[in-house]
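With the sequences and hints as input, model every part of the structure.
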Amino acid sequence: MSNESTNTPKHDAIEQMARELARDCYQCGKCSAGCPVGERMDVVPNRLIRLIQLGHMAKAAAAGAIWECVSCQTCTARCPQNVDCAAIMDALREFSVLRGTASPEQNRTVIFQRAFLDNIRRYGRLNEVELIGRFKTKAFLNDLSIPMLFKDALLGPQMIRRGKFHLRGEKVRDRDVVTRIFEKCNQ
Amino acid sequence: MARIGVFICWCGENISRHVDVEKLAEQCAHLPGVRCCLTYKYMCSEPGQNLIREKIREERLNGMVVASCSPHMHLKTFRKAAEAEGLNPYLVEMANIREHCSWVHHDVKAATAKAADLIRMAVAKVRRNHALSPIRVPLTKRALVIGGGVAGIQAALDIADAGHEVVLVEREPSIGGKMAGLSETFPTLDCSQCILTPRMVEVGQHPNIRLYTYSDVEAVEGYVGNFSVTIRKRARYVDISKCTGCGACWNACPNKKTPSEFDFGMGKRSAIYVPFPQAVPARPVIDANACTMLTKGKCGLCAKKCAAGAINFKDQDELITEKVGAIVVATGYKLWDIGKEQENAKLAGYGEYGYGTYKDVINSLQFERLVSASGPTGGELRRPSDGAVPKTVVFISCVGSRDNAKGMSYCSKICCMYNAKHTMLYKHKVHDGQAHVFYMDIRAGGKNYDEFVRRAIEQDGAQYHRGRVSKITEENGKLIVRGVDTLAGEPVTIEADLVVLATAMRPADGVETLAQKLNVGYDEYGFLSESHPKLRPVETNAAGVFVCGACQGPKDIPESVAQASAAAGKVQVMFSREEITREPEIASIDERMCAACFTCVRACPYNAIERAEIRDRAGRLIKRTARVNPGLCMGCGTCVAVCPSKSAELEGFTEQQVYAMVESLG
Amino acid sequence: MTHKQPHPDPDMTTFEPKIVAYVCNWCTYLGADLAGTNRLEYPPNVRIIRLPCTGRIDFNLIVKAFETGADAVLVSGCHPGDCHYTSGNYHARRRWTLFRELLDTLGIEMDRIHFTWISAAEGRKWQQVITEITEKTRQMGPYLAYKRICRVS
Amino acid sequence: MNIGYYPGCALHGSSNDYEQSVRACLGALGVNLCELDDWICCGATAAHSLNHKLAVALPARSLAIAERDGYDDLLAPCPMCSAQLIKARTALARDRALREEIAATVELPLEGRTEVLNLIQIFQRIGLERLKSRATRSLNEFKPACYYGCLLVRPPQALRFDDCEHPTSMETLLSELGAAPVEWNFKTECCGAGLTMCNERTVLDLSHKIISNAAAHGANCIVVACPMCHVNLDMKQADIERHYGIRHAMKVYYLSDLVGMALGLHENELGVNRHFVSTP
Ligand SMILES: Cc1cc2nc3c(=O)[nH]c(=O)nc-3n(C[C@H](O)[C@H](O)[C@H](O)COP(=O)(O)OP(=O)(O)OC[C@H]3O[C@@H](n4cnc5c(N)ncnc54)[C@H](O)[C@@H]3O)c2cc1C
Ligand SMILES: Cc1cc2nc3c(=O)[nH]c(=O)nc-3n(C[C@H](O)[C@H](O)[C@H](O)COP(=O)(O)OP(=O)(O)OC[C@H]3O[C@@H](n4cnc5c(N)ncnc54)[C@H](O)[C@@H]3O)c2cc1C
Ligand code: SF4
Ligand code: SF4
Ligand code: SF4
Ligand code: SF4
Ligand code: SF4
Ligand code: SF4
Ligand code: SF4
Ligand code: SF4
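Residue numbers (the working numbering), protein chains in the order written: chain H, 1 to 187; chain E, 1 to 666; chain U, 1 to 153; chain A, 1 to 280.
Simulated from the structure, these hints should not be mistaken for lab results. Do not rely on the hints blindly, as some may be mistaken.
As the list claims (entries may be wrong) - Only pairs whose alpha carbons sit at most 30 Å apart, straight line, appear in this in silico DSS-like list of lysine-lysine:
#1 E:K340 x A:K143
#2 A:K87 x E:K346
#3 A:K53 x E:K346
Claimed, not checked - Derived CB-CB ranges, DEER-like:
#4 A:T168 x E:S228: 45 to 55 Å
#5 A:E141 x E:Q316: 51 to 61 Å
#6 A:G30 x E:Q316: 52 to 62 Å
#7 E:E261 x U:E132: 56 to 66 Å
#8 E:T493 x A:R201: 16 to 26 Å
#9 A:T168 x E:K359: 14 to 24 Å
#10 E:Q516 x U:E132: 33 to 43 Å
#11 E:K359 x H:N186: 49 to 59 Å
#12 E:D386 x H:G55: 28 to 38 Å
#13 U:G107 x E:K109: 32 to 42 Å
#14 H:R23 x U:E132: 22 to 32 Å
Stated by the list, open to error - Example chain U residues on the side facing chain E (calculated, C-beta under 8 Å, incomplete):
#15 T37
#16 E41
#17 G55
These numbers were taken from a predicted model, which means no experiment stands behind them. Backbone N, C-alpha and C define an ideal beta-carbon position, used for all residues, glycine too.
Take a look at the structure:
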C-alpha cells in the first residue's frame, strides 16, 4: 500500500477534481441502480462517490469496480443532481494508475487510452495496427500475459480477409500542428 | 412659521452613556424652526409622553422630533401622543440616536456629533411635512373563494358561518377537489368521502354561499375592500335550476366512451355526466366535445328523456360580476404528468420510468382510484393492463421531486405519507401481495405520522429499499424495476405487476394567470407567495387577497384545512370593521405637469396607476394623465423615481423632504 | 490623480469621510437597527436616510449627496425577491444600470458609489459594509474632485 | 446536395465496411460527401478521460477546418466522433473565453458554427418523404431491433438527440420503409463499446444480453448506427456464442445497409458481405 503523503501534485489535482465532481451527490443511488455492470461491482458507484466525499480517495481508487465500468454514461445521464459520475470513474482510474494500486490487468484500460492518445499525437489519426501492437507489448510487459497477446490474433486473419485491416495506417498532412495542440494542452 | 419641538431621550443610560445629551440639546435648540428642545430619562414612559404633550400645548408646536430609538420601535407611540394633543400625527418624526448611534459608536464626541446630524436631518424634514389623515375606504363584506377543494370548502364555510356572504368559484363541474377522489386518508385511514361529503353538501345548502361551478375567474378589478370580479360561467347545457339530478339523461346517453377525468382516465363516462355520484351540485354537465348533438347535430336523446326539460343545447357562456371585499385563493395542486409531452423545454420528463408507455406504471392518484370503493374497479385492486390482481407492487418516491436535473428541487412533502398508506391499503386488499417502496428519506413529520410509517413496515410488511429506481422495462407482462438498496450497497431488481409513481405535487394549471390577475406573487414553480413564511402565512402582498391549501405549497389535508381556517379568520378580522383605513403615505400625481408618458404605469409593482383623461365640461379631451388609485398604492415610491417630468410625489417622502434632509448635512 | 490636491485640513490623518446611505425601511434600516441591538460597533461616519424602498431612489439623490459634500454614497435595500414591495428593488437595479453610464460620463468616481443588499437579519453585514466603505473612502481621501465637476458642467 | 463529411478513424480503419455502406447509401440518394480536408482524430474517450482541454481541442480543430471550408453541416457517422464534436461545439458556443483560447490552440479561427449530424439525422434532414419516394424495395422481411447504444443519446444534456430513454427515430425511419421494428428493452443499454480491448468478459456479457433480448422480442436482425456497436455485436458474436454455448446467428446491420437495400442497392455494394455473421 502506498501512503497518502506520497501524493504528487498530479494526484492532488485529480483528487480535487473528483471531490469537486462528487460534491453535489446526495446518495440517492440512481447511478448504481442503472449501471449495467452494477452487479459485478465490489463497491457500487454511489458508494465510491461517498468515499470521495469523505476524502477516502485512495480507498475508492482501490475498488475493483472502477475497472468494471464501461463508461456508458448511464449514471451521468440519469443523476438527479447532475453529478458526472462517469467522469468520476475516469478520475478514479487515472488516480489508481498514478498511485500504482491498479493491478497489471486493470492498468490496461488506462494503458490503452494512453497508447491511443500517443498514437494520435504522432499521426493525427488512429493507426490501428500500431496501436494494437504497442498496446499489446505494453500490456504484455506490464503483466506478462501471453493469452492477452494472442487473443485477438485469431480474429486478425478474418479481418484481413474482410478487408478490415489497413497495414499502413493514415496520417494527417499537418502533423506539426497536432503536435503543437498536444503540447499546448499538456501545459 | 415652523414651531418645532425636539425631545431627546436618555433611554436611561442606553443613549446618555455615549451621547452627551445635554450638549446635544444645547446645539439643537438653535436649529432653524426649533421652538424648544428638552431631554428626559425615558421619553416613552408615561411622564415622558406627558412632558411632550405639555410642550405641544404650551408652545403650540406644529411639528416635533423625538430623538430616541428606532421609529420601528416607538413612532406609533409618539404619533398617538401627538394626536391626543391635537397635533397631526404625520407631523412627528424621529431621529434614531440609539440603534444607529449610541449603541454602535462608543466615542462620545463622534457619537454626539452624529446624533446632532441625525436630529438636524429630522428637523429639516419635519418642517416640510404635511398634515395627513389616514385614507378610509369603504368595505364590501363579501368574500370570493377561488377553488372548491377541501381548503376552499373550509374557508368558505368558516366565513359563511361567521355571517358573511361567500362567492365560491370552482372550475370543475363539482366541488371537492382531489380529496373527493382519495380512498382512505392518513394518518387515521378514515374514508375520504365519508368526511368530505357532508362538508360539500353543507356548502351546497348554505344560505350564505353562492356557488359557481364549471366557472372561471375572468377578471379582477378594484382593490382591497372593493373588488369587482367577473366570473365566466361556462356553458353547461343543463339548466341546474330545473334539473332534479334524476340521472335519466346520463343513463340514456349513447356516448359512454370518454375517459373519466375523475378516475384519471381509468374509467369511462358518458357525454352528459356528473363527475362522481356525491358531486355538489349533483347536476350533470354536457361535455361539448363528446356530445354528438353538439358536435354533429345528431342525437338529443338526453333531452328527450329529461322530464324536467332541463337540457338546453343552445346554452352559452355567461359573464357575471360580483362585488367582494376579500379574496381567498385555494386552487390546489396537480400531480406532475411526467410523460413525454412537457409544457416547457426545461422539463425533460422521465423516459426511464415508462409512464405513458407501460399501462401498469401509474401515478399515485390513479392508485387512489384503484383502491377506492367508488373507483373504476369498485374497490378491488386490479391493474389497468389486464385486470389481474397485482401480487408485487413497487411504489417509487420522489419522482420529479428533489430532482435538480430535470424535475422540481423541492420535496413534495406528502408522498412519503401516502406511500406508506398505499402499502397498507394494498396489504389489506391483497393479503398475499408484497409491497416494495423505493425511497431516499422518509419524511413523516407530524402528529402520529412516523408511527404510521412504522406500522406500514412492521405490521403490514412493506419492504422499504433506500435508493432510487433507475429504469423500468417490461418483459413478459412483468415490469422489471431496476433499483438499488444503498444501505446494502447493492442493485436490486424487482419483477413487479404494478408500479406506482409518487410524482411531484405542482400547482394547478393556470395558477400563474390567475395570480397575475390578482397581483399575487408566485415562485419559480408557480406556488403562490405568502407575505411572510412565518408571520403572515396566509396573507399575500396584495392587500385583501389570501391563500390557503396546496396552491401555496405542497400540503396534506390537515394543513390545508388549518390554513383555510386561518385565511377565513383573516377575512373575518377585515370584515369586523366598517371601513378600511390605510396609511396615507402614498403617491399622487400632479396632473397638470404629467406628460402622460406612462412610465410610472409600467413601473408600479401594484398596478396602482391608471391612465386617465381630463376633459372640459363639453367633454372635449384636454389632456391625458396618469392617476394613482389610492386604494391600490402601497407607497413604494417607484413612480416618483421613474417619472421623467417629476410629476409624481410620495407623501412622507416628498422630493422636498428628502432633499432637505440631504442638504442639512452640507 | 485628482484627490492628491491639497486639502484644507493640513493633517490628512484627521480626514473623516462623510457617507450618505439611502436605505429601505423594511430591510436595511432594520438590519442597521439589529446591528444596534447587538451592539456591533462600526465607524460613525454614515448618515442614514430612510426611504420606503430602494425603488424610491432617484439617482439625482446620489448626485445631490455628492453636491452637499458626501465622500461616498451607499444604496442598500432588500435582497432580490425579498422586496417588501414585490419588485421595487428590481426597478432600482434596472435603473441603476442606466444611470451608471450617465454618472460615469459625468465623471463621477464610480467607486464612491456602493450598492448592496442587507436584510433585516443582517446586522453583522451592515457593520461590515459600513466599516469597509469607511475604510475605503478614507483611503481614497475627500471627494474634492466633485467640486471641480460641478464647476465644469 | 453537398455535405461535409467527417469519417473518423474507425471508418477509415477496421470499420471501413461502415464507410462503404454510408457512402453507397447516401450516394444513391444524391448526397455528395465531401471529406473534410486533413481532419484529425476526435480523441474519443481517451482524451475525454485523460485531458479535458485536449478533449475540446482535438474535435475543435476539425470543426474549425469545416468552418474554414464553409460547411454548415458536418456528417459524422460514428457516434463517438459526433458526440465529441457536438460536446466541443456546445462548450465553445457557450463560452467566449474558451473559444478564443481553443482557437489559439488549434491555430484556426473558430466560432462553433458548423452543425454536426449523426447518421440518423442526415436521413431526417433528407426527409422521410424523399426517402420513401426513392425506395424501390420494401423492407418487409426485416424485423429489426433498433439499437442505439450509449453514444447516440448520452449524455442527453449535451446531445439533445431523441428521447434518451426511449429513442424512436430509427424505428420511425425503418417502418416508413416497410420494416417492422420490434419493441424491446435494450435499445440504450451499453454493449461495452470501447472496452473490447481491455475487459473482454464484460463486453461479451453485455452484448450477449442485448442480442438475447432482441431475439426474445422477435427481432430477426439488429440495426446499429455505430462502428463499435457493430464490432461488439457482429465481430464478437462468435466469441459470445462460444462463451455462452448458445447459437444466436443474429445479423447486425448498419442503418445505412437497410436504407441502402430499400433504395435497391445490393448487399455487396453496401459491404454487408464483409460482416462476420452474415458470411460464416
Ligand atoms: C395520491 C395522494 C394521496 C393523498 N392522500 C392524502 C391523505 O391520505 N391524507 C391527507 O391528509 N392528504 C392526502 N393527500 C393530499 C391532499 O390531496 C391535499 O392536501 C388536498 O387535496 C389539498 O386540498 P386543496 O383544496 O388545497 O387542493 P385541491 O384538492 O387540489 O382543490 C383545488 C380545487 O380548486 C379548483 N381550481 C383549480 N384552479 C382553479 C381556478 N383557476 N379556478 C377555479 N377553481 C380552480 C380545482 O378544480 C380543485 O377543485 C394526498 C394527495 C395525493 C396526491
Ligand atoms: C432548537 C429549536 C430551533 C427552532 N428553530 C426554528 C426555526 O428556525 N424556524 C421555525 O419556524 N421554528 C423553529 N423552532 C420551532 C419554534 O420554536 C416553535 O414552532 C414555536 O416556538 C412554537 O410556538 P408556540 O407559541 O406554540 O410555543 P412556545 O414558544 O413554547 O410558547 C408557549 C408559551 O406558553 C407559555 N405557557 C406554557 N404553559 C403555560 C400555562 N400553563 N399557562 C400560561 N402560559 C403557559 C410558555 O411560557 C410560553 O411562553 C425551533 C425549535 C427549537 C427547539
Ligand atoms: S445518481 Fe447522482 S446523486 Fe444519486 S447517488 Fe449517483 S451520483 Fe449521487
Ligand atoms: S459509466 Fe460506468 S459507472 Fe456509470 S453506469 Fe456506465 S458502467 Fe456504470
Ligand atoms: S423612547 Fe426609545 S430610547 Fe427613549 S426610553 Fe423609550 S425605548 Fe428608550
Ligand atoms: S334527466 Fe333532466 S332532470 Fe334528470 S338529471 Fe338529467 S338533466 Fe337533470
Ligand atoms: S345529446 Fe349528447 S349528451 Fe345527450 S344523450 Fe346525446 S350524446 Fe349524450
Ligand atoms: S415527501 Fe417523501 S416521497 Fe415526497 S418528495 Fe418528499 S421525500 Fe420524496
Ligand atoms: S411617469 Fe410622470 S409624466 Fe409619465 S405618466 Fe407617470 S406621472 Fe406622468
Ligand atoms: S408609490 Fe409605488 S405603489 Fe404607489 S403608485 Fe407609486 S409605484 Fe405604485
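task: Check each numbered hint against the structure and report the violated ones by number, ascending.
output: Per hint list: single violation, 12.
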